[in-house]
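Generate the whole structure from the sequences, applying the supplied hints.
In case you want the letters, here they are:
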Amino acid sequence: MTRDNNSHSDKANPGIKPPPANTVGIIGWIRKNLLGGWVNTLLTIISIYILWLALPPLFDWALLNADFSGSSGKECTTNGACWAWLDQRINQFFYGFYPPESYWRVNLSLILLLPALAYILFENLPYSKYGRWFALSYPIISALLLLGGAGLEVVTTDKFGGFMLNLVAGLAGIILSLPIGIVLALGRRSKLPLIRMFSIAFIEIIRGVPLITLLFVAVIIVQLFLPPGVSLDQLVRVMIMITIFASAYMAEVIRGGLQAIPNGQYEAAQAVGLGYWRSMRLVILPQALKISIPGIVNTFIGLFKDTTLVIIIGLFDILGQARLLQTNPDWMGKVDHETFLLAALFFFIICFSMSRYSINLEKRLDTTNK
Amino acid sequence: MNENSAVIEISALNKWFGNFHVLRDINLSISQGERIVICGPSGSGKSTLIRCINRLEEHQEGRIVVEGNELTHDLKNIDAVRREVGMVFQSFNLFPHLNVLDNCTLALIWVRKMPKLEAESLAMEYLERVKIPEQARKFPGQLSGGQQQRVAIARSLCMRPKIMLFDEPTSALDPEMIKEVLDVMVDLADTGMTMLVVTHEMGFASQVADRIIFMDEGLIVEQNTPEEFFNNPKSDRTKLFLSQILSH
Ligand SMILES: Nc1ncnc2c1ncn2[C@@H]1O[C@H](COP(=O)(O)OP(=O)(O)OP(=O)(O)O)[C@@H](O)[C@H]1O
Ligand SMILES: [Mg+2]
Numbered sequence: 001m002t003r004d005n006n007s008h009s010d011k012a013n014p015g016i017k018p019p020p021a022n023t024v025g026i027i028g029w030i031r032k033n034l035l036g037g038w039v040n041t042l043l044t045i046i047s048i049y050i051l052w053l054a055l056p057p058l059f060d061w062a063l064l065n066a067d068f069s070g071s072s073g074k075e076c077t078t079n080g081a082c083w084a085w086l087d088q089r090i091n092q093f094f095y096g097f098y099p100p101e102s103y104w105r106v107n108l109s110l111i112l113l114l115p116a117l118a119y120i121l122f123e124n125l126p127y128s129k130y131g132r133w134f135a136l137s138y139p140i141i142s143a144l145l146l147l148g149g150a151g152l153e154v155v156t157t158d159k160f161g162g163f164m165l166n167l168v169a170g171l172a173g174i175i176l177s178l179p180i181g182i183v184l185a186l187g188r189r190s191k192l193p194l195i196r197m198f199s200i201a202f203i204e205i206i207r208g209v210p211l212i213t214l215l216f217v218a219v220i221i222v223q224l225f226l227p228p229g230v231s232l233d234q235l236v237r238v239m240i241m242i243t244i245f246a247s248a249y250m251a252e253v254i255r256g257g258l259q260a261i262p263n264g265q266y267e268a269a270q271a272v273g274l275g276y277w278r279s280m281r282l283v284i285l286p287q288a289l290k291i292s293i294p295g296i297v298n299t300f301i302g303l304f305k306d307t308t309l310v311i312i313i314g315l316f317d318i319l320g321q322a323r324l325l326q327t328n329p330d331w332m333g334k335v336d337h338e339t340f341l342l343a344a345l346f347f348f349i350i351c352f353s354m355s356r357y358s359i360n361l362e363k364r365l366d367t368t369n370k
Numbered sequence: 371m372n373e374n375s376a377v378i379e380i381s382a383l384n385k386w387f388g389n390f391h392v393l394r395d396i397n398l399s400i401s402q403g404e405r406i407v408i409c410g411p412s413g414s415g416k417s418t419l420i421r422c423i424n425r426l427e428e429h430q431e432g433r434i435v436v437e438g439n440e441l442t443h444d445l446k447n448i449d450a451v452r453r454e455v456g457m458v459f460q461s462f463n464l465f466p467h468l469n470v471l472d473n474c475t476l477a478l479i480w481v482r483k484m485p486k487l488e489a490e491s492l493a494m495e496y497l498e499r500v501k502i503p504e505q506a507r508k509f510p511g512q513l514s515g516g517q518q519q520r521v522a523i524a525r526s527l528c529m530r531p532k533i534m535l536f537d538e539p540t541s542a543l544d545p546e547m548i549k550e551v552l553d554v555m556v557d558l559a560d561t562g563m564t565m566l567v568v569t570h571e572m573g574f575a576s577q578v579a580d581r582i583i584f585m586d587e588g589l590i591v592e593q594n595t596p597e598e599f600f601n602n603p604k605s606d607r608t609k610l611f612l613s614q615i616l617s618h
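As you go down the protein sequences, you meet chains A and B in turn. So the first sequence is numbered by my numbering: it starts at 1 and just counts up by one. So the second sequence is numbered by my numbering: it starts at 371 and just counts up by one.
Rather than coming from a laboratory, the hints here were simulated on the basis of the structure. Think of the CB as a built atom: it goes at the ideal place given N, C-alpha and C, for glycine as much as any other residue. There's no promise every hint is true.
The following label-pair restraints were derived from C-beta to C-beta distances [stated by the list, open to error]:
1) A/Ile175 <-> B/Gly511: 25 to 35 Å
2) A/Asp366 <-> B/Arg433: 43 to 53 Å
3) A/Lys17 <-> B/Ser576: 50 to 60 Å
4) B/Ser576 <-> A/Gln259: 38 to 48 Å
Encoded structure:
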């Protein structure tokens, strides 16, 4: 549009010229980003050289010279990757020991996640009122689907495994750690000394201890304090600890955002009669969370990767499945790289998506330059 | 002065920041429709005084009664007072994440529980009064300072307050924008709004004010009509202040 305007006014306004051709378009981009100055040019050449060294052999190994069929590692005879196990094991990498006849329950709950997420992340979708309710009830629906009960066959959490376990634990943590983090961050800035001290103590203690220590506490020590006969599911304990751990970091990320909001915002909200909670919800938090998006997503990504620690309660998430296969006599010594590569790929896809979405969200929420 | 006609009644007000005695024995009674300009040197407690009136600051001694509600720790009374009192800040304090219209309707919808459409048409009415209805869909960051301050005035007026507080509403503005804001304030004064304005705009003060209050070091040193205040200041401190401010 602006371009149109320019060309129209060209005749009337001889001073207006289009930018020089070598500063726009692909050539302009290359000149500016890859060849701008001799340092950039040198870095570009080195990068291309490294890629040229690394990519072709990787490609050969992973695909061209790879073995794709066979029932054990012995049948992988080329010097490429051994993918023969995929056929037998891919389901286990994804669903763990979940009963195969009930895989559809996992699938369904993952499919339902998409609309639930969409209704949370995007405004202006059709039927948004029902959509919000659906999104709110999604955790219950999916817990029911995954665990069974109410007519569905019960599946205990020790059957959970593979990437599905990472997804379930990660999502639960993500959904819960944000609100808990917000409450802790507000608590830390509260005027009431008791609430403030509790928040500070909670945040600092949790942040001051390695996650793995917290998990051992949850798994071993908590049992000592529970009344006899009461037992808390091991997976639930681990998920609680991962969530709490992420919440403490989340609280500090959000506190940083809160501190960036000038006091005048709060005062203006008070002056028009919004009380504390409404001021927070409608004025302060929307701004503070927006500033904190990079840190929040960073915490989400960290939390998601920490779900691999479920291995300490003997559950086999996707990394556990990789280790399991690596120690399987049939495949031993043949699949070390391949299984880890697959696990890494799964994690990368999810984490990279989160990161891209957050960048998109930041752009969408930017009101300074619309 | 007749006790009943006073919409704001401040008596024996004292306030400290730590050990610093910022407001000292303030007595002030403001009646319905009165326009008051408060001036005085920097740090004299002008902002603190008007911020006490809608409880952005808490006072430690004395009484503040606004429209029959005494300001105490009782949140109900504070809410009641804030319903009657609008405030405009030096730094506008618009909500940057909301567009102009949403800035105006936020409290109408959430505090007054007004339906969205009704709130929007009310907000448009006030945006027209401050002469920027065409900016309704823009974000504060896209407006000039003068426009932002007029939005801030409209945002307060939407809540239909009986009293408006202004804390140096034009001090953060470039000279050419000061007039557009002052014009809106003069219009508002013509509607009979009770106004307390902290400002150094002496032209505005002499045109609009019923009473000028001069503060120094936490005290009300002098209060008088504009003519008396400018032509016949009583205290030496007032004279000094006036000579400084008028020599600019
Ligand atoms: N929150 C606070 N804590 C401590 N001291 C404060 C606080 N707010 C204001 N003060 C002090 O109280 C005094 C009065 O401040 P106030 O803002 O009321 O002055 P003012 O008359 O509005 O001045 P100005 O013309 O500069 O706005 C100043 O000395 C200021 O430093
Ligand atoms: Mg001030």
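Hint-by-hint comparison with the structure:
no.	hint	verdict
1	A/Ile175 <-> B/Gly511: 25 to 35 Å	32 Å, holds
2	A/Asp366 <-> B/Arg433: 43 to 53 Å	47 Å, holds
3	A/Lys17 <-> B/Ser576: 50 to 60 Å	54 Å, holds
4	B/Ser576 <-> A/Gln259: 38 to 48 Å	43 Å, holds
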